[in-house]
Amino acid sequence: MARFVELEEAAALVPDGCSLGIGRLPPMALVRALLRRGARDLDLVSAPTGGLAEDLLIAAGAVRSLHTSGVDLAEFGLAPNFGRAVEEGSVRVIDSTCPVLLMALQAGASGVSFTPVPGVFGSDLLRERTDWKVIEDPFGDGAEVVLVPAVAPEYSIVHGLRADDEGNLVTTIEFDDRLLVQASRQVVATTEERSADATRSLAADEQLIPAAYLEAIAVAPGGSLPIGCHGRSRDDAAAIREYLDAARDPGRMRVYLDRLLA
Amino acid sequence: MAVVIAREVRDGESVGIGVNSPIPAAGALLARHLHAPRVSLRLRGVEDAVPFVGSKEFFDFAQRGRLDLFFLSGIQIDPRGWINLHQAGGRRFPGAFGSAVLYPVVKRVILFRTEHSPRVFVPKLDFVTAAGRPQLVVTPRAVLKPGGDGLLELASWHAGETAQTVRAATGFELRPASGASETRPPSEEELVTLREQVYPELEEGFPEFVRRLSRR
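Residue numbers (the working numbering), protein chains in the order written: chain A, 641 to 902; chain B, 258 to 473.
One chain only, chain A, in its complex shape (with noise of 0.2 Å):
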C-alpha cells in the first residue's frame, strides 16, 4: 500500500545521484518540486523517450546523463535545452531505440541481466553502444542476435489519472509506464485525484498500476500540464510556446527558470 504525501515530501524522497525513470504521462509537477529542492546529478533514463520534463530538467542542471530513445517536443520541435547540453557535453546521452529500451525495461521487470533484441543491424547504434553485444543465436541456424543489459531505474516517477485510497493508480493504455514501474526499484506518483472508488471501473483506454509497486503518492491536479493529460486536458500550446521561447537563449532560460520555480 502507498502513502499518501505532500507534493514537497514525494520530491525529498527521490535522492541526488539516483538512476531515475521519468513517465511517458509527465509529472511536471513533480518534477518542478523536484527543482526546487536542487535535484542534482540525476542519470535519468526515458520510457522509452522524452519530452519536456527531461528538457527542463537539463536546463535546470539537474541531470548527469540520459538513457533513451529520443528526445523531443513532439509537434512543437525539437527540445532546445536537450540539444544543447549534449552538442556542449555537459549531459552524457545513452541512446537507445524504442523498441530495444522497452525490451531492456521488460527484461528489468522480469529480473533477468540482459534481453536478447531484434532489428538494429546496420545502425551505428550497434557501434556506439559497447555495453550490447553480438552473439550467434544459441537457439537459431547460425544467425546473429544482439544483447542488451536490462534496465532497472533505482528510482521512477509518474504521474496518474486517478487513485483509490490504497494507492492504486490508473493510467493510460497510450504510454508504457506501467512496464518501467515495474522495472523499477522505487516510485513516487502523482495524481490528478484520489478517491474511495477511483479503480471501481476502468475505461477501455485505462489500465492499473498497482499499489505494490509505489512508495507515495501526492495528489497534484493539473500535474502534468502543459502537457496534456489523456482525455482530461489538452497540451497548454500557448505555455510550451513561451518556454521555448526562453529556451532558445541561455540567458533567458534562467530568468524563465527562477521564475518558475519561485
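One or more of the hints may lead you astray.
[What the hints assert, rightly or not] To give an idea of the interface, some chain A residues facing chain B are shown, with a C-beta separation under 8 Å as derived from the structure:
hint, residue
1, Thr737
2, Ala851
3, Glu855
[Unchecked claim] Ranges between beta-carbon positions, derived for each pair:
hint, chain 1, residue 1, chain 2, residue 2, range
4, B, Glu304, A, Phe644, 30 to 38 Å
5, A, Arg677, B, Gln392, 46 to 54 Å
6, B, Arg452, A, Pro890, 55 to 63 Å
7, B, Gln392, A, Gln826, 41 to 49 Å
8, B, Glu304, A, Arg899, 50 to 58 Å
9, B, Glu445, A, Gln826, 53 to 61 Å
Think of the hints as simulated: they come from the structure by calculation, not from any bench.
Think of the CB as a built atom: it goes at the ideal place given N, C-alpha and C, for glycine as much as any other residue.
For chain A, the structure is supplied; the task is to place chain B on it using the hints.
For chain B alone, kept in the frame of chain A given last:
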C-alpha cells in the same frame, strides 16, 4: 505528399503512424475514406485506433512481422534510403525513436521528408540511425524509389518541378527511373476529402499541424 502516400496504402493493411508523422497520418486517413476502408491504424487521437497497451505492444506486433506499413523520416537520407536522426553538422537532433528496429522489421516503409535539398539528400550520412530498404521516398518536390541496385531513382516529380530541378535539389546522383514522369496531380475528390474529412479527424492527435494548415 499526403495524397501520394494515400495512394500507396492498401485495403486491409495494418498501418502504424508515429506521433511526429502528421502527413502520413493524413495520407492513411485519406486512403481509409477512399479505397482502403478496412485498414487498421495505430494512430494517436483516432477513436477506433488499435487499442494496444503501451507502445511496447505495438512494437512487439511489428517485431513479429505483423505490421504492413510504417513511415519514417530523416534529418539526412542517403542514396540507399538509410536515415540519420541523431546528429548532423555538429548539431544534435532528437534520436532514433523506433526506427533502428522498425526499419528492418516492418514489411513496407515509406520515407517522408518535408525538405528536399542537398543538405537532406546526402551521399554519406553523418550517423546511420537506421538501415533498411524504403518502398518509396515522398518529398514536396518528388517521389523517389529504389532501383534494381537498391539506389534511389527519380520516380516522379510534382507539378512545378522538372527532372532537372529535382536532381539539382538532391545531393547525390539521381537517375531517372524507367517511365519517370510528372506525379499524377491530386484529384478534386482527394483534395475535398482531405480538407473536409481528414483534417478534422487529425485535430485531436495533431492540433498544431491542423492549426498551421488553417492559418495558410
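Right, here's what the structure says about each hint:
Interface restraint check for Thr737(A): the shortest CB-CB distance to chain B comes to about 4 Å, inside 8 Å, so the restraint holds. Checking Ala851(A) against chain B: minimum C-beta separation of about 19 Å lies over 8 Å; hint violated. About 22 Å separates the beta-carbon of Glu855(A) from the nearest beta-carbon of chain B, more than 8 Å, and the hint is not met. In this structure, Glu304(B) and Phe644(A) meet the distance hint of 30 to 38 Å, their C-beta atoms being roughly 34 Å apart.
Against the hinted window of 46 to 54 Å, the Cβ-Cβ separation of Arg677(A) and Gln392(B) comes to about 51 Å, which satisfies the hint. Taken as a hint, the range 55 to 63 Å is violated for the pair Arg452(B) and Pro890(A), whose Cβ atoms sit roughly 42 Å apart. Roughly 46 Å separates the CB atoms of Gln392(B) and Gln826(A), a value that falls within the hinted 41 to 49 Å. At roughly 39 Å, the beta carbons of Glu304(B) and Arg899(A) sit outside the given window of 50 to 58 Å.
For the hinted restraint 53 to 61 Å between Glu445(B) and Gln826(A), the CB-CB distance of approximately 60 Å keeps it satisfied.
Hints 2, 3, 6, 8 from the earlier list are contradicted by this structure; the remaining hints agree with it.
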